[in-house]
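Protein sequences appear in the order of chains A and B.
According to the working numbering, the first sequence is numbered sequentially starting from 1.
According to the working numbering, the second sequence is numbered sequentially starting from 1001.
None of these hints come from the bench; they were simulated from the model.
Quick caveat: nothing in here was measured; it's all calculated off a predicted structure.
You can take every hint at face value.
Quick partial rundown of chain B residues pointing at chain A, CB under 10 Å, derived from the structure:
(1) SER1066
(2) ARG1103
(3) TYR1105
(4) GLY1110
(5) ASN1119
(6) THR1133
(7) SER1135
(8) GLU1139
(9) GLU1143
Listing some non-contacts, in silico: residues in chain A with all C-beta distances to chain B over 12 Å:
(10) GLU44
(11) PRO52
(12) ALA104
(13) ALA114
(14) ASN116
(15) PHE142
(16) ALA156
(17) ALA252
(18) ALA293
(19) SER317
Every residue, glycine too, gets a C-beta built ideally from N, C-alpha and C.
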Amino acid sequence: MSAKLKKLILEQATGTMMALLLLATAALVVQPRPAVAQGPLRIEITDGVIEPLPFAVPDFQAENGAAAEYARSIARVVAADLSGTGLFREIPADAFVSGITSFASPIAYADWKAINAQALITGAVSASGDSLNVKFRVYDVFSGQPLGEGLQFSGAIGSWRRVAHKVADIVYSRITGESGYFDSRVVFVAETGPKNAKRKRLAVMDYDGANVQYLTDSSALVLAPRFSPTGDKVLYTSYETGFPQVYVLDVATVGRQALSQQPGTMTFAPRFSPDGRTIVYSLSAGGNTDIYAMDINGGNPRRLTTTPSIETAPSYSPDGSQIVFESDRSGTPQLYVMPAGGGEATRISFGQGRYGTPVWSPRGDLIAFTKQNAGRFHIGVMRTDGSEERLLTASFLDEGPTWAPNGRVIMFARESQGATGAPSLYSVDISGRNLRRVVTEGAASDPAWSPLLK
Amino acid sequence: MKRIAIATLVVGALALSACSKNRLGDQYGAAGASGDFVAGSPSDPRSPAYFQQTIGDRVLFAIDQSSLSPEGIDLLTKQAAWLMENTAYTAVIEGHADEQGTREYNLALGARRASAVQNFLIERGVAPNRLQTVSYGKERPLEICSDELCYAKNRRAVTVLAAGAATS
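Let's have the full structure, built from the sequences with the hints guiding it.
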């Protein structure tokens, strides 16, 4: 099988190489299709999906012995990614009328139609030495043709889950027309111990909870990590000195550096600007908390707000021109938008209750927030002018939304009530559907989603 | 039964501070959370134990507020007098919030509370360079139930003594 048309090299965060090749045999190029698929096999996410699209992912074909253990695992991860969105529903293998005996064989569409599989994903895996090669195709069963061209990824064997996530991202993208979010990571705070003596450390994991790595030990309280736009650095707050201060940590080396050490002040709630060159954060001095910005090396600190009220939780718009933040200047915490360099702020939240932790969507269209009203907490979204507020969740304590790289899903922390209360991570669609717990080993809080990995 | 016991404690909390702990704040804010007693006898007016237990090392705040209550002012007046007498000690004032509210807002609120205490002590004559503030927001509750009985005790500012002269 020749594969020469196009080759994309994708570099992993770990430094290993992963290659994406377009399979270009004549047999595959049945009919040119537009980049954004049309026809029956299509989910319009914006419509709010009522009925998930049924799909089948038979175990991938193992092309050699060394690939056997990955052929099934990769198909399972692809299926879990798709099902996890709530937009797709997997048809279990025991319902299959026929199997896939060879990646190259023609598809018996009638057999897949018979079980109502609208999408079919087939693949083949080969492994040699440290590297893994995965080929896959997506079929539009009801149209009786492939959906897009076959592709192949190669990468290190140890990154087989990433390869699976990339396959799922492409399937998701072809069917929804939106970019995927499966090949991404989440940095969060792993918690242990009782509520009045919590131990916290930074951890990073795949978006689905796999491959957890700890980035700090639990010798100092750490809070609210945030990824850089390239995903290689994390900003967070640590009590290492006994006082909260903003730090930056290199994910690969876990080396860390304090960014602000002005005696008598506390700094927290840091976030990167979209170009990665500026850090916006809160600084408390003399009991007053305002928003500041500084260069990524900690230099050139500048004050962006100057009111005696609390200003915190800043987040940039994706074009870097504006900052949404939380302020209690009106008497209760509410959301405001100001120019990125500071200046006059416009209040955007006007509903009942208190609003906090605003985060601008990577698409730029919405702001996610935490809302507290009548003894309950909610995660919600509103347009950037504050209109069309929608609450997506409700519980004793939901807080700290973070956006999936495609702006369609929000992850947050939910804490249970009472003396044994502990936080867990959850995700929810911006439609409010598909609320799911993200499984972590222990208690977890303060999630922050990375950009889509390259 | 537990609730009744806690309710009784709240009344006496300002004066007793029975579960307080008194050593320099570590990276976990344990000093203002719960645990150990400090050295010395609560009946020896020059001992940290007297400051912590007989005077009381903490003041409580109303929901979302950082203004001092009349009881808080009485207690801090005594704290100020003690600190003026016992100049070998410095203090870190820890501001805390209950679990209602977001992490970020509570950090800022705790900073306000700690600062309110610091300002009061300075007004009453304590040298500013003997007092530092830190906020733990909602990170270090003293009481762990999820109702107002606990929340009322968690909304606090704790004056944690440390031995040693002022640093600057």
